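Since each chain sits alone in its own frame, please combine them into the complex, following the hints.
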Amino acid sequence: MATVAYRNIVKSYGAVRVMEDLSLDIADGEFAVLLGPSGCGKTTLLRMTAGLETVTGGDLLIDGARMNEVHPRDRDIAMVFQNYALYPTMPVWENIGFSLEVRKLPKAEIRKKVEAAAAVLNLTDYLDRYPRELSGGQRQRVAMGRAMVREAKVFLFDEPLSNLDAKLRAQMRMEIRQLHDRLETTTIYVTHDQIEAMTMADKIVLMKGGRIEQVGTPDDLFDAPASLYAADFIGTPAINLIEGAVVDGAFKSAGIHLPLPPGTAATAGQRVTAGLRPSDMTLGAAGSITGRVVLAEKTGVEQNVHLDIGGADFVVTAPRDVSVRPDETVQADIPPQKIHLFDSASGARL
Amino acid sequence: MIVESASRRRVRTVLAVAVVALFVFPLYYWTTTAFKDAREIFNIPPNVWTFDPTLKNFEEVFGISLGFLRQQEVLPGGGNFYMAPRLWDSIVVALGSTALAIAISVLAAYALSRMDFRGRHAFVGWVLSTRMMPPVAVAIPMFFIYKDIGLMDSYLGIILMHTLINLPLGVLLLKSFFDDIPKEIDESALIDGASRFLVFRRVILPMAKGGIAATAVLCFIFSWTEFIFVLTLTQTGLKTVPVVSSSFVTSTGTAWGNMAALGVAAMVPAFLFILLVQKQLVRGLTLGSLKQ
Numbered sequence: 017m018a019t020v021a022y023r024n025i026v027k028s029y030g031a032v033r034v035m036e037d038l039s040l041d042i043a044d045g046e047f048a049v050l051l052g053p054s055g056c057g058k059t060t061l062l063r064m065t066a067g068l069e070t071v072t073g074g075d076l077l078i079d080g081a082r083m084n085e086v087h088p089r090d091r092d093i094a095m096v097f098q099n100y101a102l103y104p105t106m107p108v109w110e111n112i113g114f115s116l117e118v119r120k121l122p123k124a125e126i127r128k129k130v131e132a133a134a135a136v137l138n139l140t141d142y143l144d145r146y147p148r149e150l151s152g153g154q155r156q157r158v159a160m161g162r163a164m165v166r167e168a169k170v171f172l173f174d175e176p177l178s179n180l181d182a183k184l185r186a187q188m189r190m191e192i193r194q195l196h197d198r199l200e201t202t203t204i205y206v207t208h209d210q211i212e213a214m215t216m217a218d219k220i221v222l223m224k225g226g227r228i229e230q231v232g233t234p235d236d237l238f239d240a241p242a243s244l245y246a247a248d249f250i251g252t253p254a255i256n257l258i259e260g261a262v263v264d265g266a267f268k269s270a271g272i273h274l275p276l277p278p279g280t281a282a283t284a285g286q287r288v289t290a291g292l293r294p295s296d297m298t299l300g301a302a303g304s305i306t307g308r309v310v311l312a313e314k315t316g317v318e319q320n321v322h323l324d325i326g327g328a329d330f331v332v333t334a335p336r337d338v339s340v341r342p343d344e345t346v347q348a349d350i351p352p353q354k355i356h357l358f359d360s361a362s363g364a365r366l
Numbered sequence: 501m502i503v504e505s506a507s508r509r510r511v512r513t514v515l516a517v518a519v520v521a522l523f524v525f526p527l528y529y530w531t532t533t534a535f536k537d538a539r540e541i542f543n544i545p546p547n548v549w550t551f552d553p554t555l556k557n558f559e560e561v562f563g564i565s566l567g568f569l570r571q572q573e574v575l576p577g578g579g580n581f582y583m584a585p586r587l588w589d590s591i592v593v594a595l596g597s598t599a600l601a602i603a604i605s606v607l608a609a610y611a612l613s614r615m616d617f618r619g620r621h622a623f624v625g626w627v628l629s630t631r632m633m634p635p636v637a638v639a640i641p642m643f644f645i646y647k648d649i650g651l652m653d654s655y656l657g658i659i660l661m662h663t664l665i666n667l668p669l670g671v672l673l674l675k676s677f678f679d680d681i682p683k684e685i686d687e688s689a690l691i692d693g694a695s696r697f698l699v700f701r702r703v704i705l706p707m708a709k710g711g712i713a714a715t716a717v718l719c720f721i722f723s724w725t726e727f728i729f730v731l732t733l734t735q736t737g738l739k740t741v742p743v744v745s746s747s748f749v750t751s752t753g754t755a756w757g758n759m760a761a762l763g764v765a766a767m768v769p770a771f772l773f774i775l776l777v778q779k780q781l782v783r784g785l786t787l788g789s790l791k792q
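Chains L and F are the protein sequences, given in the same order. Using our numbering, read the first sequence as starting at 17 and increasing by one per residue. Using our numbering, read the second sequence as starting at 501 and increasing by one per residue.
Chain F with its partners taken away, still in its complex shape (with noise of 0.2 Å):
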């Protein structure tokens, strides 16, 4: 352990505690926007620490009052404030495009890290330079292309595309993860009598595990805040919560309230998730780094 002088010591911790305050202070006031009467939110000064909370928003939002859900409600100024089903939308688009991409890009970063075949490395930087295009260069030429071929406005469409849109993170990332992995312990197994597959799938993939969580825990977030390909790719079939939470701006103003209930609600699937993957995301984290 480092030695250190008490008083850096304390000047460390007080710096600590600033920096933590910077990043969670802006989560702090969103989460207690959620639960604030409308009138109360723009308050001069404002009620930072005392309020009287509310669940007013999350009601409006959620269409749940005394514990049963409502009908759709179209509320005055035209905004449709009921996002249920939204929050499901974002749900069932980040956890399908997480798993496939997840997938597929553990297979091919296997491949890649493992089979030698000519322009190995040329493919690996072409995976990369897909990511390099911004995605409002791709958003409209993908337009007319689900138009056409009827993935519109589909689950299956928006999941595709963020699939493809998180393949080369994936990819990149879980080839880093088994690039670790020393290559004598397939050679091993497969002196051991095990097919390339076997290897891949009781040996490596077991290995691999903290890294597989870190990287679909980055897929998971890239789909749950993804805006741009939803809002060009959709029309009324589904809406993710990035999408709609622009629903709140009507011309009669800005339900702050309801949006941050919305934001506040959207944190929770993407925690649980975080929370699952936790124990391998940290392994995943530091994989590498020190030796085994």
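Bound-form chain L, shown alone (with noise of 0.2 Å):
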């Protein structure tokens, strides 16, 4: 167990500079999720804290130790890649011991912890088979297995999951958070889904450009967004975005009459965007917004209503008994404390 903490963390490819003045602390014992779409650095942060990237400027900190120049192999870390880089010519239970086997561990120490941590993933069954015999879930759990039994001050999780299928994803995500508080160790995993963010996280890093977005737990990120960028990437469905103005003390669009939101800091004239969130929204005879319905997307437990707004679409989720027909006129409406405003032109949150 460790902490890590990134110092004014600079990243350049030749004369391309990836990542300026990066900073971040993660606690001891907490899972960070670096989130972020692809090219925004996450995967380059990760790969730099496994020692598999050079720091071109900055320094990185394990458990207060400066780590900018030491090896992969003396940094104590544990990773799993993406494509979970198993070793296709060793049968499993070879995988998981292998970094015991470089630290020349007695033989049966070796055997003791491989069968320690095959049980605790459920491998125990197939500790002599082949990666190639076995299913992408369980190619996984090998992975898993061979960053457990390391004891690793920090495990880095690279995109995982991307290679599973949905109900498989669900399935990991749940096991790879079982795992981390059971064994507390301190977790950076990266992902560009965010739900796997949202599920897992005790913090997340929202990164943009090789920058640093937002850093909070999953419900500052959902319920307090720093900026635009923030809010459109956290939530399914997306935020709605409206712009507007600042027009005698309430928000003002093409067909949308709002309330300013508590302690807000616009000022009158401003240009402005509100976010709202489709789940902070309810339908009903009477509201602010009014809008024709375009179509209704049934996910089982609700709906997500379609509303046309002026030309925009805008999405309401409602109880999945709520009756919708197509083009017929609705009303929406949304409590002042949920709106979500932000300044145009920065993006910044108001």
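None of these hints come from the bench; they were simulated from the model. Everything numeric in this text was worked out from a predicted model, so none of it was measured. We put the beta carbon where it would ideally sit given N, CA and C, even for glycine. Hints are supplied without guarantee of correctness; some may be wrong.
As the list claims (entries may be wrong) - Under 7 Å between C-beta atoms, here's a sample of chain F residues computed to sit facing chain L:
id, residue
1, 687
2, 706
3, 707
Following this line, the structure appears as structure tokens:
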């Protein structure tokens, strides 16, 4: 177990600077998720932590010790790769025990540790099989087993679930989180899937273009997104964003008239964007938003009703027993404290 | 499976058999020639399917009679037809140069595939360019160099020469095999605590067995059939099969039967070598063509 700290990290590839002055602290035993779209620098940051990429500038500290020039094998970290990176010529037990074998542990002890890890991961019956004889989920577990037996200070996961189907992904999500709760090892997990981030993280680090956009708990990011980008990235279905202006102490846009959220810093005449989460809204006979029903998507638990408001698509999540018909005109409403207001130019939360 | 009409399949089968026959027939004819008496070889019409088989050619070439090795014989016409030691020379040279070429190129290829250093791409191009020189342009200078440094007419000399020629092929082929192995596997092993060499030896090398076998076969075949350097760089110490085959052309005629016998015998070690690495070879040749 260990803390991980990034101090003013800079990363360049030749003349191209991909990361600028990034600072972040990950506490001991924390499950931190680096979240962001492709190319935002999350995997680069993870690989720098592992020692697979050099750090161009700044300090990378694990448990307070500077790691910038330390070889990957001496950092006491374990990593699970996106494609699992299992050793195809070794059976499962050898895959799991390889790191212990390299450290020249006695054979009996290796066997004991491998068997213990296999028992936790339900791999006991597969120890003599080769990776090619395993399913995707089993391979994923072997990769985790490899990290587990190390008893490393920090676990790094690089999009480990992206090759699995939806059902297995949900199951593995739970298993990884449970494993973390049991081992309490500091974990850094990279993903572009916000559901994974929301369901697993103690702390989400939302990244964009090589810098950190927002750091917080899943609730922080959902309830108080720091920017338009954060608001748009988190939440399924995506937040409704409407451009408008502050007029007479209220938000006004074509067909929409909303009170300002309490404590907002928006000033009169300012161009702002309102963010309304579909799940925060209600459909009813009366409301501040009027729209025409385009489509109702049933998800099983509820339904996402798409409204046409002045040509823009607007989604409201409603209980599935609410009956709406296409082309019907309906009213939607939202409590003022649930409205997120952002400066349209800078994207900053107001 | 792709659906195909019966007639189309028949045409395809006939064509396939014809192509195979085209390639196999010369081999068959050469092999039967080795078992024919000199008079029968040039019969008109040729005895393709029926002839009186004889081991005479093999006995003369390998000095084997009644199961005993005979002393070297000089046959009428001055030809030295006793070729068993020459076959041995070929085996030593081919195995030696293949082993050396693989040992060097496997390390070089891994470094070129995995390590990032200045001028890496130029280096790959340079390795390839050494293969572009016509052998005959190198043979004469090498003759003088070998004479000066005392490698003339020695196993070591020929093994080194064949290794040098095989290196570019070996390095480039093996590099492409290593390139097909995901880098994450190396990285994973490094994080697991292995040194770069241990990663190579324990993890990557076993994965590249197929590629190594395929490369070894190509190196072996090159060395087995190489002519010009053995001709130039040897005198009496050793001679490989391709070079001594020319000694069957004597002042009194060409001993086709003996030449064929040596040719057939020369196929056996190469065939055995390929058979030995065949399992890996098939994997090697298809490596990377299918998603694992």
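### Task
Using 7 Å as the Cβ threshold, decide whether residue 687 (chain F) counts as touching chain L.
This interface hint holds because 5 Å falls under the 7 Å limit.
### Message
Min Cβ distance, residue 706 (chain F) to chain L: is it shorter than 7 Å?
### Response
holds (4 Å)
### Restraint satisfaction for residue 707 (chain F) [CB to CB of chain L, less than 7 Å]
holds (6 Å)
The structure agrees with every numbered hint stated previously.
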